[in-house]
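Peer 1: Each chain, written out:
Protein chains: 4
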Amino acid sequence: MTELTAAQPITWPDGKSCAVAFTFDVDAESPLLTTDPAFADRMGVMSHQAYGPLVGVPRLLDILGELDVDATFFVPGYTAERHPTPIRSIAEAGHEIAHHGYLHESLVGVDEDTERRILTRGLEALANIAGVRPRGYRAPMWEMNWHSPKLLAEFGFEYDSTLMDSDHPYELAVGETDSLVELPVSWALDDWQQYCFVPDFSGVGLIETPAKTIELWRAELNAMRTIGGAWILTNHPFLSGRPGRAFALRDFIAEVCAMDDVWVASMADIAAHVRRQQLRPRTLTRPVFSPVEGKENES
Amino acid sequence: MTELTAAQPITWPDGKSCAVAFTFDVDAESPLLTTDPAFADRMGVMSHQAYGPLVGVPRLLDILGELDVDATFFVPGYTAERHPTPIRSIAEAGHEIAHHGYLHESLVGVDEDTERRILTRGLEALANIAGVRPRGYRAPMWEMNWHSPKLLAEFGFEYDSTLMDSDHPYELAVGETDSLVELPVSWALDDWQQYCFVPDFSGVGLIETPAKTIELWRAELNAMRTIGGAWILTNHPFLSGRPGRAFALRDFIAEVCAMDDVWVASMADIAAHVRRQQLRPRTLTRPVFSPVEGKENES
Amino acid sequence: MTELTAAQPITWPDGKSCAVAFTFDVDAESPLLTTDPAFADRMGVMSHQAYGPLVGVPRLLDILGELDVDATFFVPGYTAERHPTPIRSIAEAGHEIAHHGYLHESLVGVDEDTERRILTRGLEALANIAGVRPRGYRAPMWEMNWHSPKLLAEFGFEYDSTLMDSDHPYELAVGETDSLVELPVSWALDDWQQYCFVPDFSGVGLIETPAKTIELWRAELNAMRTIGGAWILTNHPFLSGRPGRAFALRDFIAEVCAMDDVWVASMADIAAHVRRQQLRPRTLTRPVFSPVEGKENES
Amino acid sequence: MTELTAAQPITWPDGKSCAVAFTFDVDAESPLLTTDPAFADRMGVMSHQAYGPLVGVPRLLDILGELDVDATFFVPGYTAERHPTPIRSIAEAGHEIAHHGYLHESLVGVDEDTERRILTRGLEALANIAGVRPRGYRAPMWEMNWHSPKLLAEFGFEYDSTLMDSDHPYELAVGETDSLVELPVSWALDDWQQYCFVPDFSGVGLIETPAKTIELWRAELNAMRTIGGAWILTNHPFLSGRPGRAFALRDFIAEVCAMDDVWVASMADIAAHVRRQQLRPRTLTRPVFSPVEGKENES
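Chains as they are written, first to last, in my numbering: chain A, 470 to 768; chain B, 470 to 768; chain C, 470 to 768; chain D, 470 to 768.
In case anyone wonders, no lab produced these hints; they're calculated from the structure. Ideal placement from N, C-alpha and C gives every residue a C-beta, glycine not left out. There may be inaccurate statements among the hints.
[Stated by the list, open to error] Below are the DSBU-like pairs computed for lysine-lysine, each with C-alpha atoms no more than 35 Å apart in a straight line: (1) D:681 <-> A:485; (2) C:619 <-> C:485; (3) B:485 <-> B:619; (4) B:681 <-> A:681; (5) C:681 <-> A:681; (6) B:485 <-> A:681; (7) C:681 <-> D:485; (8) A:681 <-> D:619; (9) D:619 <-> D:485; (10) D:681 <-> D:485; (11) C:681 <-> D:619; (12) A:681 <-> A:485; (13) C:485 <-> B:681.
[To be verified] Just some of the chain B residues that point at chain A, by a computed CB distance under 7 Å: (14) 623; (15) 624; (16) 625; (17) 643; (18) 644; (19) 646; (20) 657; (21) 673; (22) 763.
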C-alpha cells in the first residue's frame, strides 16, 4: 500500500500569503430532526434552531455586505425547503450556496445508494428553492465514507470541505484518473464547540464569550499566515447569528479584511484557484491493521 | 404551509433603544424532585437547592430594592408551597411573580390534559401562597409543545417567555384569532450554563467566574442595544444568590441601569408595551419532513 | 410542617467580619475504590491518587506552617491506614483531623446501621493511626441522609460540614433537643471542579489554570467579607498539591491572612465559636410533595 | 505491608534546578482503531488523526531543530507502520523514539501474555520501520497493570513514563532486585485535555486557546523550578501540530530554553542521569482494602 503523503504548499493570487474563507453551515432544524424525529414535537428547541435562518442569516448577510465579503453557505436541502426566503436571499446577495446533505444526515455507516439519494434530494431542494447548482460539498459533522469522494465526483462537484489532514488545500484523488479539490477544516475553527448548547442534543453547558472565541481563531489565523495555507472558518447562524457573537465576528472579519497578506474569497473561488495549480492528486487510504490477539480488556 | 417569518423590530418607550428584563427562576428543589423523587432523600443536594429561596431570594431582593429595579420571578408552585415566606416577600417588594410549572415539570411528550393540570396546580399554589394571579408563563427548561400556547391563552396568560427564535418580542398566533405576547430568551443569557453543578443531576463540573459570566452578558447586551430588541436575563437564586455572583450581578445591574438608552422593566410591563403595538401575530409551525429512505446508520 | 428558615448572621471574634477555613479532603485512593474495586488493579490511576498523601500533604503542610495557618484535614479512614505517615504528620503539625468516611463511601441510599459501621470504621482508623478523635465530620461528596445528623450526634461529633443552604454557620437541630454545628460549603469553593480529571472516574477533561481558580475564590471571599459569613475552602491534596496549584494557593492564603477583617481558623475553632453563640437550632425537613398525575414524559 | 514513601529530590547536571522534557505522543489513528475498529471506516475522523504524522510531526521537527532541542517521541507501532516516513524523520533528526504500545492498546484488564505480545509487536514495528530499539516506554492513556513494570524490565527498557505519584523521577522497584527509572507525568501537562475534540471518541467540545494552555503549563513549570523535579510535557502532533498551537508551543519552548536554571533534555538522557544517582528503588503496592459491609447504595 502506498504511504500517505502530506499536501504541498501552494501559491495564492497576487502574492498573498494565506487564503481565508468565511463559511456558514445553515443547519437550522435539520441536525436535530435527523437524530430523532421526535425533536419536531419540541416547540422550544425548534424555535432555537429556527433562529438561524430567520434572524442569523439576515444579520450575517448585512455584515458580509457591509464588509464586501464573498462568503459560502452550506445549506441542507431541508433547511432550504423550510426556510426558502432566507436561503434565496443568500444567493441574491451574491454568496455561494453549497451542499450540506438533505437533512444533515450522518454518513457514518451509510451505503452508496443511500448516499446518492441524499445527494440527489439535497441538489433538488437547492435547485428548486434557490435555483442554484452547488459546486461544493461539506459532509454533515465533517464525517464521510471512503466511497463518498467517488460519489461527489460522479455528481459533478468541484470541491469538498470535510477532511482535516492538511493546512493546505489539495487535489484529492478519486479512483485512478479523477480528483476533487479538498478544502480542509479544523474543529478549532468552528463556532459549535465554543457556543453550542442544546439540551438532550449537544453540549454540556459550556458557552464561551465571543472574546475567547475570537482569540482562539485569531491565534490560528496568525499562524496560518506564516504557513501559507487556507484558513477556513465555520459558523452556524443559529449560534453566531446571536447579537454579541455576530458583532464580534463582524469586527473580526473587518480585522481580517484589513490584513494585506490575506486573500478573502468564497470556497468556490479558492477551489478554482487550487484547481488551476494542476496539483498531483493525493490518494488517501483506509487504515488496514491487525490488532494484537488475546487482548482482554475489561473496560 | 406558510413560511415562517422573522419577528419585526418594535419601538420602545421614551425613545429607548432596548428593553431589559432581569428575571429569576426560583427553581429550588423542584427540578430535581420532578426528575427523580429519590432526590428528596438526599439531604445534601436538597440543602443546595434550598439556598435559593432561603438565602438567594432575600439577597437579590435587597439588591433590586437598592437599585430600584422591577424584576420578574418565575416560581414553580411547589417552590411557593415549600418556601412561602420568601415567595411572599417577592410580591411584597412589588416584583412580578410568574408561572413556571408546578414541580418544574418537563413538558416533553406531555399531553394537553396533563399540561392543564400542571397549569392549574401552579396557579392554585401561587394564588394560595402569594395571593397572585400571574400574567406570564415560562416553560421549565424552555421547552413546550405545539399545543401549549393554546392552553396558555385558554388560562388567560398575557405573555410567554419560552421561545428562542427572535431578538425582538412578538405576538405569537394562537389558532386563527388569538395571540400571546412572546418574550424570547437565549441560552447565553442564563446563569445555569455558567455556574450550575449538581452531581447526578446537572453539569460536568464547569464553574465559571462571575467576571467571565458578566463579560458574556455584557457582550450580548451591548449588541442588543444596537439591534433594538429585548435583552432578557435569567438567573437562578440557588446559583446567582451566592455572594460573589450576587455582588457581580448587582454591579452589572447598576451598570445597565446607568445606560440611558436602555429601558429596564418587568416582563409584564414589557409585554403590555408590546401588546399596545398591535403587531400582526406570527404563526409558528411544526416542521414537516420526510427523511431520505434506506439510510443505514450504525451510530 | 414548619417552614424552613434561613440561618442568621453571627458575630466573629475580635470584631472580624468573616471567618475563613482552609480545609483539605485527603481522599487519595478511597473515592475510586469505593466506586469500583477494580480501580485497585490500575497502577496508573492509583499512583495519581497516591500523589495526594505522598507529595501533596507534605507540601501543603510546609505552606501552612510557613504561613502559620491552622487548617483542617478531612481524612477517610482507609487513607490513614494506607498512608499512616503523612496522616500522622498532619496531627503532629498541629492541624485538625476530621472524619470523612472510611472508604469515602457515598451515603446515597445507605441505611442507618451501615452508616454507623462506616462511622465506626473511620473513627477506629483515625484513632489507631493518628491517635485522634475527630470533632468534625464531612460526608463524602457532600451528600448525606436525613437520618445522618442524628448518628453524628450519637457519635459525639460537634460539627458537620456537608450542607449548602447558608453562608452562615448554624446550629442544626437533631431531634427535639440536640444539635450539631453546621459549617456549610459550596461547589464554587472546591478545587475538584476546577482541576480534577481522572479517566473513567471524574471530569470531562476540563483543567483550569490556578489563576482562574483563585479569581473565582477571591470573588466569593470578597463578597463574603461584606456578608459576614464563613468562607470555607476545600482542596484535595492529589489536585492542589501539584506544584503550580500549591504555589498559587500559598500566595492566596498569604493574601487572605493579610486581610485584617478576616478570622482564619480551623473548623473546630469556628465550630466552638459558633456553639458559644447559643443559637436557636434550625430544623431542616425532607421535601414532601405530590406530583401532578397523568404526566407522560417521553424523555 | 510496607508503607509507600515519596520519591526523594535528586540533583541535576551543572547545578540546574529542574529538568524539562518535551515529549510527543504520535498517536495518529491508533487510539481510535483500538477503541472501535469501525473508526477505520470513517474517512473524516481518520483524516483528523493523520494530520499528526503528516503535518504535525514535520512542523514540530522544524521547531525543535530551530531551537536545538532534543525531544522524545512515543510512537505506537502501528503509527510507524502506517506513517513510516514521518517516523523515520524523527530518528533522522536525532530525537528519541520510545515505545507507546502497538495500537495504543488500553492495558486495563490485560493479562501478562497479551501485554508481552503488544510489547513485542511495538518493538518489531519500531525496529523494522525506524531501525530503533527504544529505551523508554509510556503506557497508552497512562494506565498500566501492577505486573507491567516486571515485563518492561524483562524487555530491557531502562525507563517508564506512566505514573503520576511524584514530581521527582525515581527508581521503581521491580521484584526484589531489579528496577526501572520512572519519569512521572501529570494530566495538567498534557495538551489532550486542553485541545482534543473527536466526536464519538473524546472530548465534550471544550477547545481552549493556546494562550490559556501555555499559561497553565508555565504556572506548573515555574513552581517546579523551585521544587527541583522533572517537568515533563506531553503533546500530541494531531493536536499541537495545528498552526496556532505549534507556534505558541515554539514560543514557549524558546522561553523555557532561555531559563538558565532549567536542563532541557530527552527522556533517555534524563533517565540515564537519574540512574547514575543510584537511588534506592521505591516499591509501589496495590491497595488492599475491605469495604464496610452491608452498604446499600442506590446510585
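Peer 1: Now tell me, hint by hint, if it's right for this structure.
Peer 2: Status of the hints after comparison with the structure:
| no. | hint | verdict |
| --- | --- | --- |
| 1 | D:681 <-> A:485 | holds, 30 Å |
| 2 | C:619 <-> C:485 | holds, 32 Å |
| 3 | B:485 <-> B:619 | holds, 32 Å |
| 4 | B:681 <-> A:681 | holds, 10 Å |
| 5 | C:681 <-> A:681 | holds, 14 Å |
| 6 | B:485 <-> A:681 | holds, 30 Å |
| 7 | C:681 <-> D:485 | holds, 30 Å |
| 8 | A:681 <-> D:619 | violated, 47 Å |
| 9 | D:619 <-> D:485 | holds, 32 Å |
| 10 | D:681 <-> D:485 | holds, 27 Å |
| 11 | C:681 <-> D:619 | violated, 42 Å |
| 12 | A:681 <-> A:485 | holds, 27 Å |
| 13 | C:485 <-> B:681 | holds, 30 Å |
| 14 | 623 | violated, 16 Å |
| 15 | 624 | violated, 17 Å |
| 16 | 625 | violated, 20 Å |
| 17 | 643 | violated, 12 Å |
| 18 | 644 | violated, 15 Å |
| 19 | 646 | violated, 20 Å |
| 20 | 657 | holds, 5 Å |
| 21 | 673 | holds, 5 Å |
| 22 | 763 | holds, 5 Å |
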